[in-house]
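Trainee: With chain W fixed as given, assemble chain B onto it according to the hints.
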Amino acid sequence: MTTIPVNPELTSPLPLGRKGPSYLDISFTVKSWLLTLDHKRIAILYLLSMTALFIVGGAFATMMRLELTTPQGDFVKAEAYNKLFTMHGVTMVFFFLIPSVPATLGNFLVPLMIGARDLAFPRINLASWYLFIIGAAFTLAAMFAGGVDTGWTFYTPYSSVYSNSQVALAVVGIFITGFSSVLTGLNFIVTVHKMRAPGMTWFRLPLFIWSNYAAALIMVLGTPVISITMVLVAVERLFGVGIFDPANGGDPVLFQHMFWFYSHPAVYIMVLPAFGVISELMAAFSRKPVFGYKVVAFASLAIALLSFVVWGHHLFTTGQSVYAALVFSVLSFLVGIPTAIKVFNWTFTMYKGSVSLETPMLFALGFLGIFTLGGLTGLFLAAVGLDIHLHDTYFVVAHFHYVMVGGVVLAFMGGLHYWWPKITGRMYNEFWGKMSAILIFFGFNLTFFPQFILGYLGMPRRYYAYASEFQVLNILSSAGASILASGYLLPGIYLAYSFVKGPKAGDNPWGAKGLEWQTSSPPPVENFKKMPIVTEDCYNYPLVDPHDLQPEDRLIDSTTKDDDKLKEQVKDKLS
Amino acid sequence: MDKSFSLWPTQASKQALHVDLFYIFMLAVTAFFTLLIAGLVVFFAVKYRRREGAPPPEKFENVKLELVWTIVPLLISVVMFVWGAKLVVASSKPPENALEIHVIGKQWMWHVQHSNGRREINELTVPVGRPVKLTMQSQDVIHSFFIPAFRCKQDVVPGRFSYLWFEPSEPGEYHLFCAEYCGLQHSGMIGKVKVLPQADYERWLSMSPAGEESMQVAGAKLFSQYGCATCHSQQGPSMAGLYGSERVVWSGTPDKEQKVIADDNYLRESILYSKAKIVKGYSPALMPTFQGLLTEENVSQLIAYIKTVGKDAKLGNEMTPGGRMQDLLPPRPEMKSRNSDSEKRDYK
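Sequence order for the protein chains is W and B.
Its first residue numbered 1, the first sequence is counted upward by one per residue in the UniProt record's numbering.
Its first residue numbered 1, the second sequence is counted upward by one per residue in the UniProt record's numbering.
It is worth saying that the hints were derived from the structure and are not from the lab.
A portion of the hints provided could be inaccurate.
[Unchecked claim] One side of the interface only, derived from the structure: several residues of chain B facing chain W at Cβ under 10 Å:
(1) Ser4
(2) Thr34
(3) Ile37
(4) Pro55
(5) Glu66
(6) Ala85
(7) Pro148
(8) Gly159
(9) Glu180
(10) Tyr273
(11) Gly292
[Stated by the list, open to error] With a cut-off of at most 30 Å between alpha-carbon atoms, the simulated DSSO-like pairs for lysine-lysine come out as follows:
(12) Lys64(B) - Lys352(W)
(13) Lys194(B) - Lys307(B)
(14) Lys529(W) - Lys194(W)
(15) Lys47(B) - Lys352(W)
(16) Lys192(B) - Lys83(W)
(17) Lys47(B) - Lys294(W)
(18) Lys59(B) - Lys294(W)
(19) Lys352(W) - Lys434(W)
(20) Lys133(B) - Lys307(B)
[As the list claims (entries may be wrong)] Label pairs and their computed distance ranges (CB to CB):
(21) Ile121(B) - Gln471(W): 24 to 30 Å
(22) Arg130(B) - Gly240(W): 42 to 48 Å
(23) Ile26(W) - Pro56(B): 38 to 44 Å
(24) Pro55(B) - Ser486(W): 35 to 41 Å
(25) Ala276(B) - Val322(W): 21 to 27 Å
(26) Gln471(W) - Leu21(B): 26 to 32 Å
(27) Gln471(W) - Ile24(B): 24 to 30 Å
Don't be surprised by glycine CBs; every beta carbon is placed ideally from N, CA and C.
For reference, chain B alone in the conformation it holds in the complex:
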């Protein structure tokens, strides 16, 4: 991390250059108009100052002038809007080949899990030159994942998945901030983004400490542990090829049909609030709700597992529940304890 004083943030992602160019354009427009107004104010104040023998004030109206300063700002606004819109449209969809990493924000740390199971706290290690897609959740309040050097930011809102993608272009270490005020240690919820060359990254990823299992395996174990397969292979809807497919569901009033795509948020909702959207043809009473039983991390793992289940997959009980899986489930923190914790934690 460069600790020296600078007037311009480091550029370390492909997107940063585009944002900076737009910023420079905006700066130029701002400087021009600010200096224009300031210049006119000073010039008029001196030239037309009240003094003995100065000509009396004259009425002055000029429609053409008014049209100019209505239309010119309008045109400049159009340019700004289109440029800004292009930037956001270009960055709205992550590329297909993006490396997916899971992030959970909680008071007050960033919890990162790579697909092979490797975990990091307040650090995010990514390879250079490859698009990275973050799938993020919050365990408590709204956080915001912000990497200034990449010029990207995304709120992490509890109760739904949010996504962020970027393509690091320079190896190095960069700030990772929480940008949305999230309580006592908001300023302490910071971390590092480490961008490694591809080979170093592969080596780093493979050096997973013992005992960490991939998200899919953890998900499969949960699937088995909670007996999901019992229904979802027989009387319930099958998980095979489910992810990304279109589902016809009942929602709200029982005779209202609705089409949804089975994406992360749909799966999350169906796991935690199983009665929200019932697949057409199934009884709403069948599936229990898992709210309070599963952590956000568990939900991510389950979804990671469901994603891997192809159309021809066999679903069943072949995965024996590991004894230590239960230990992985932390109790949902109570409000009281969270606050007493926070008091104990002394910043720096």
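So that you can see chain W by itself, here it is in the shape it has in the complex:
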């Protein structure tokens, strides 16, 4: 581990020689956590609550894979299985994947990376965590009150009329959580627009900021649609109005249009912030700027915009007109282009770099392999002629797990390991970190690769009992899941240990660029002792030896209350 010292003037919140309180040690009361307005503490609240929900969702998955080791439904009955996959999907999608990177890493890093003291609306930020918790509580209540058996997609009229489970409670939970997502998105957009440090121009923004910004746009524009859709399902269940029920003159396919109008862009709410993490990791561990910075930034925006016009590819088999299918097919292929650009750009970031394979980088490289396959198999589903056969089979299950787990979870793990020393001030055990990355990579591929084959063979998804010729591949998949589970459990252990007993990490253990590495680890409450000013592009490697830096080159005295004076100072520094 190379620890590159950073000029103490820049990092220490208090004059040299005295240790000042970080955001973690400023207070230890429960109240100080539950009423905190500090974006860093809120990020920790999210991290803890989402880890708990991830464990819940993972437990459901484990039971499903156990059930599927034999063709007969002998571990759980049909009803239990249907509830398991529904709760696995609902928990993972709405309460883990969608908020994971933005709400934890994003919350922690967005202000730090742009040199701000906090998000634009700290109270709204805290409110969004409470909404998340209330939404999760409703949905968990639905699970404990008997569960939901509709699948996370809640297709009507099954969900709105036929299902005898706790659909209304669950959709209300999702409705509430939607507000949390909208508020986080709003907060990010305003923060990125208004709170950037002097000199932090749009094209000096780290790519993590770009991708979170693009995802925030989707959150704000898309989430209200799913919220309304969920309310309509609840209304139809409770009052029997005929919105989706054909027996009352409703249209069941209307639900699918509304649902996917959000839920397809939601895929990009999940992966765009993950893309941002990968950009940061590739740059930091290659000691090079991300290849084609501007193209990668614009690709994020292009993906965000295109994501809104491809929802119809989920409806190829509903009897949609051939022309509509062709239009959605061609648009879906278009999303592939900016995604392909990103993958190539990340890969070539390593070219002529100084590559070190520490834990976060292992996760990032695993991401590249898995996400490439996930993206390419998406093309199979975009091709309308082939999707007819593959739709609603295990091929789809495999594809979206490659994108969601391979893309989001690996990036999240990589980001968590990368910024862990910044978040906690401590270092974890590198050996176990690498072990976890390797276990997750191999466990993941063993779990989900056989499912591509199962899908083409024709095994439909959401089957708790299946034809016997599918058993071999299902056993492989279940075996992989057990390896994957152990890969997930390891970090739980060594990261917790590191938080208590890990060695001190130093302020910039990776020798990385970026304003977040210019403050101490863990950061002080106000993030920076003085307002940083930015005089260079991001990822401007090779790293300047921090000892050569003149503190006054990068700092202005932001303690003054006089705005005009402040502006003048900034002007002077920048000129």
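Mentor: Only chain B this time, still in chain W's reference frame:
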């Protein structure tokens, strides 16, 4: 049904070959790019690994390279799109001579009725080498009719007809799955597709158990039983030559004229929701709605009958209502009873 382990699904329809060829092309492209990226990642990670004495990182930008990896994927996407589009356009219209079979999906079985009235449950018997067109309805939730060996699938959405066609190319028995999650016994809603040689099929079809009547006859009986002929031969629009013709109707606001083709979905709507589209020149108050009185199966039978009524047909009451027709009408299942049923049914 072949129970042995295999990595490739059986090919048993004309379409399967085309889908498989496209799939192989996609696999090749996927394998190429996955290996390319994986290879580059490993190569770069080794070649440029951080170590003592290694050259310092160099800035590297190359616009040409970026153009290559923008344009090449774009071109490949165009090829994929066109190929996929060709497949779907080719399979979108069933041939004129296709054998029509009616399918009703319900929680949790496939109910099949052949035009001569022969019924099957969770089985579909078809002749080899002849295009088959399925006209499908759902009685409750969305189901999806999926025959992997034929590489075809179609959702069956309640409230509308959906169609699927294929041409079986190999005699044998194949899986029939429900692919759209439809509730408790979704995984149990499976059946068999039996493809028979033409002669065997004819023999099988003719061995209809006693008491089954053709769909048209059943439809004609319903037509008579519900007194449809009373209006539709005199003051109402005639059924003669109706099917497939263009109709001018009022819809929504009474002065809005609209042209529709009298197809399955139009007839279904007009029977069940008679006020939805009133034929121009007729009063909307005349026809009662048959929603709740007729099952989806009855609607199919009525339409099958209407189809057979040619332009010169005589419509009337010559068909006396059979006494047992009433017995054929099952009561529309209530939500409560459906769910208690489902609990009793224990899977395997």
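Trainee: Please write out, lowest number first, the hints stated earlier that are contradicted by the structure.
Mentor: Violated hints: none; all satisfied.
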